[in-house]
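Here the protein sequences come in this chain order: A and B.
Going by my numbering, the final residue of the first sequence carries number 116, and the count climbs one at a time with no gaps.
Going by my numbering, the final residue of the second sequence carries number 1115, and the count climbs one at a time with no gaps.
Source of the hints: derived by calculation from the structure; they are not laboratory data.
There may be inaccurate statements among the hints.
Going by beta-carbon spacing under 8 Å, a handful of chain A positions derived as facing chain B [as the list claims (entries may be wrong)]: (1) Phe47; (2) Arg50; (3) Phe91; (4) Phe106.
All figures in this text were calculated on a predicted structure; none of them were measured in a lab.
Cβ atoms here follow ideal geometry from the backbone N, Cα and C, with glycine treated the same way.
Each chain, letter by letter, is given below.
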Amino acid sequence: AQKVTQAQTEISVVEKEDVTLDCVYETRDTTYYLFWYKQPPSGELVFLIRRNSFDEQNEISGRYSWNFQKSTSSFNFTITASQVVDSAVYFCALLPVNTGFQKLVFGTGTRLLVSP
Amino acid sequence: DTEVTQTPKHLVMGMTNKKSLKCEQHMGHRAMYWYKQKAKKPPELMFVYSYEKLSINESVPSRFSPECPNSSLLNLHLHALQPEDSALYLCASSQGAGVSTDTQYFGPGTRLTVL
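Please put together the full structure from these sequences, using the hints given.
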């Protein structure tokens, strides 16, 4: 079974705080991809990052960083020094090989509220 | 350029109306997708077109009819919808369905209200 769990439904922080969004996935495939998307109130899903199952290197992009650990099936996302513009719903998603890499399996999303 | 455009942004229709949603991309992508998203839920896949052929239909009711006239365009024809079909409809495209490094890029969506 393919599944993505985002246990945090909603997180509220004050601007400049660091925040980590958790993502745990389940798959029997050895080849798969993991994604994070941001959905601001406007509705568009914005692609943030893609990671393949063979690359466990952490990645940093500006204030964003991602920690991928196969041993715990987790792909967590940290925002450093959060800003009001980071307020959005964040989805973690799994793209497994057994769907021909066509079907994204989304988590339920984490709503992040950053207040000034 | 990773832009996917969708029109209209908002649509209100009655249950007896026929309307269409339109999606366009000019990234040379060969796979296009329709998703439905209800409030506070993740997107749900409806259809996938790969090289202009329907490759996945997630058991969507026939009142939703997709069409892919060419590799850049994707339409979703709506007929006799129900109020529970009110949702955000998202279009996405990717380089080619089945390509392992594929990333889906999403449009801004059409907010549909069925009265």
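Going through the hints against the structure:
no.	hint	in the structure
1	Phe47	holds (6 Å)
2	Arg50	holds (5 Å)
3	Phe91	holds (6 Å)
4	Phe106	holds (4 Å)
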